[in-house]
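Asker: Numbered according to the working numbering, the sequence shown spans residues 9 to 495.
Simulated from the structure, these hints should not be mistaken for laboratory data.
Values in this document were obtained by computation on a predicted structure and should not be read as measured data.
Mixed in with the good hints, there may be bad ones.
[Unchecked claim] Below, a list of computed lysine to aspartate or glutamate pairs in the DMTMM-like style, where the Cα atoms sit at most 25 Å apart:
(1) LYS344 with GLU254
(2) LYS66 with GLU183
(3) LYS408 with ASP398
(4) LYS408 with ASP315
(5) LYS90 with ASP425
(6) LYS408 with ASP425
(7) LYS344 with ASP124
(8) LYS408 with ASP297
(9) LYS344 with GLU51
(10) LYS66 with GLU51
[Stated by the list, open to error] Distance ranges between label pairs, derived from CB positions:
(11) SER268 with GLN359: 54 to 64 Å
(12) GLY290 with GLN110: 25 to 35 Å
(13) GLU240 with GLY324: 46 to 56 Å
(14) GLU466 with ASP413: 25 to 35 Å
Positions of the beta carbon are idealized from the N, C-alpha and C atoms, including for glycine.
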Amino acid sequence: MTTPQSTAPEEYDVIVIGAGPTGENVADRTAAAGLRTVIVESELVGGECSYWACMPSKALLRPVAALADARAVAGSREAVGKGALDPAAVLARRDAFTSHWQDDGQVQWLRDTGIDLVRGHGRLAGERQVTVEAEDGSERVLVARRAVAVCTGSRPVLPQGVPGLADARPWTNREATGSQTVPGRLAVVGGGVVGVELATAWRALGSEVVLLVRGSGLLPRMEPFAGELVAEGLRAAGVDLRFGTEVASLERPAADGGPSEVTLVLDDGERLTVDEVLYATGRAPRTADIGLEQVGLHPGGWLDVDDSCTVLGVDGGWLYAAGDVNHRALLTHQGKYQARITGAAIVARAQGHSLDTARWGAHAASADSAGAPQVVFTHPEVAAVGLTLDAAERAGLRVKAIDHDLGAVAGASLYGDGYRGRARAVFDLDREVLVGVSFVGPGVSELLHSATVAVVGEVPIDRLWHAVPAYPTISEVWLRLLEGCRG
């Protein structure tokens with residue numbers, strides 16, 4: 009329910025700044041416990057994930073995987089023939105998943121849940137105090153009896169000092185997931201998750217795509233073979249993939265009522281002309297203008313928190329930060345997980361209880377560092393949880409990595425003719441548990457939760473041996489990984 013304007017301070021138990029999935033989950037938890045809660049949002053209720061990231065990008069990518077799976081099996085391959093995706097149908101389905109960039113449904117959910125909504129730009133104004141500036145310039149003052157939670161998320165970062173970048177009007181994830189037309193030629197700058205996913209999607213929709221990567225590989229935070237197999241898949245799809253390449257400058261004439269080409273001048277002097285350029289070169293916190301200086305913090309920086317998501321450096325334990333803004337794990341599902349922890353911590357303190365912040369405690373977001381799962385929805389997919397082999401070794405663990413060819417598993421060969429994929433399990437030999445698992449291959453995203461349970465649950469290897477995978481499924485790879493560890 010939208011509360012009426014008032015010049016007098018309005019009191020709540022909890023104020024949440026940011027109505028993305030993280031903020032919604034914090035508010036849901038505190039409201040469910042009987043704490044009067046208000047959420048402040050300057051854009052759409054539902055946030056980045058709902059309208060410009062997770063949902064629209066996966067709506068663009070799902071048809072790519074479905075068509076690839078059909079073509080991988082004799083019989084269905086002949087049924088679909090050589091037809092291409094229907095861009096209009098794909099984009100219309102994408103629009104439906106974003107509710108056509110209208111947040112009526114999510115606003116109704118707030119009403120039904122008993123959470124107040126104040127639209128406008130929220131700023132901290134002192135201890136437990138938030139000012140909200142509406143679009144018309146009017147201002148309201150909110151005061152929290154218990155807590156304020158900052159859930160403002162992150163924004164795309166464009167590199168500094170590149171001549172012509174601003175005039176080139178580059179796409180970020182927002183334009184790339186929301187475009188109503190398919191660019192004939194698209195340059196993607198960046199070899200991380202956003203870059204490879206959107207290169208996959210727009211190539212399948214008919215764009216000629218060139219992917220420009222400064223480093224020597226894709227997905228640098230994952231196992232090396234993940235980037236190698238994704239690169240192989242992109243090239244097979246027709247993406248022009250270039251490593252060791254930087255954009256020195258860009259040129260784009262002013263648009264006179266219509267589209268114009270953009271020319272990228274590469275560091276070797278090559279001139280590359282495309283219709284649009286997408287920069288997928290990192291994220292920064294949305295904290296530059298939320299009043300951090302009013303509570304002794306530095307504007308524009310990531311917010312340091314403890315495991316209960318309480319902000320460090322602010323006395324009194326009243327300020328929290330959950331989701332991307334704390335830089336622990338820039339993933340929607342981890343933000344929602346942190347929100348559940350944050351909500352529980354706020355409620356416990358409001359009820360006079362001590363916090364359980366021991367590892368895996370009720371008020372500790374332990375999974376951020378030990379068991380954060382991630383899926384990259386390329387073709388092939390990448391699914392990973394926990395530590396890579398390199399990260400485990402750098403952490404000083406005595407580990408053993410077991411690799412297996414996923415295509416050699418009976419269930420994978422049934423899934424698709426000529427199935428290509430790979431699995432790796434990283435075992436902690438001292439504790440005899442898994443600390444990391446990575447899968448690459450078509451359909452592997454559905455394998456990930458079993459790996460997450462094994463890593464987060466620290467299930468002993470000897471007990472995992474008794475978890476029998478069904479035959480014939482791709483999950484039989486678990487037997488091969490465990491056999492490799494047990495010998």
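Asker: GLU240 and GLY324, beta-carbon distance inside 46 to 56 Å?
Answerer: Once the Cβ atoms are compared, 53 Å apart, the range 46 to 56 Å for GLY324 and GLU240 holds.
Asker: Holds or violated: LYS66 and GLU51, Cα atoms, limit 25 Å.
Answerer: This hinted pair holds, its Cα atoms lying about 22 Å apart.
Asker: Against the 25 Å threshold, does the CA-CA distance of LYS408 and ASP425 hold or violate the hint?
Answerer: violated, 31 Å
Asker: Regarding the pair LYS66 and GLU183, is the alpha-carbon distance no greater than 25 Å?
Answerer: holds, 15 Å
Asker: Using the C-beta atoms of SER268 and GLN359, is the stated range 54 to 64 Å upheld?
Answerer: holds, 60 Å
Asker: Does ASP398 lie within 25 Å of LYS408 when you go C-alpha to C-alpha?
Answerer: holds, 11 Å
Asker: Take a quick look at whether LYS344 and GLU51 sit within 25 Å of each other, Cα to Cα.
Answerer: holds, 19 Å
Asker: Would the hint linking LYS90 and ASP425 be met if the CA-CA limit is 25 Å?
Answerer: Judged against 25 Å, a Cα distance of about 17 Å means the pair holds.
Asker: Keeping to a limit of 25 Å between CA atoms, is the pair of LYS344 and ASP124 held or broken?
Answerer: Holds, at about 19 Å.
Asker: For the pair GLU466 and ASP413, does the Cβ-Cβ distance stay inside 25 to 35 Å?
Answerer: For GLU466 and ASP413 the Cβ distance comes to about 27 Å; the hint holds.
Asker: Given the hint that LYS344 pairs with GLU254, does the C-alpha gap stay at or below 25 Å?
Answerer: violated, 35 Å
Asker: For the pair GLY290 and GLN110, does the Cβ-Cβ distance stay inside 25 to 35 Å?
Answerer: holds, 29 Å
Violated hints, listed in ascending order, are 1, 4, 6, 8; each of the other numbered hints is respected by the structure.
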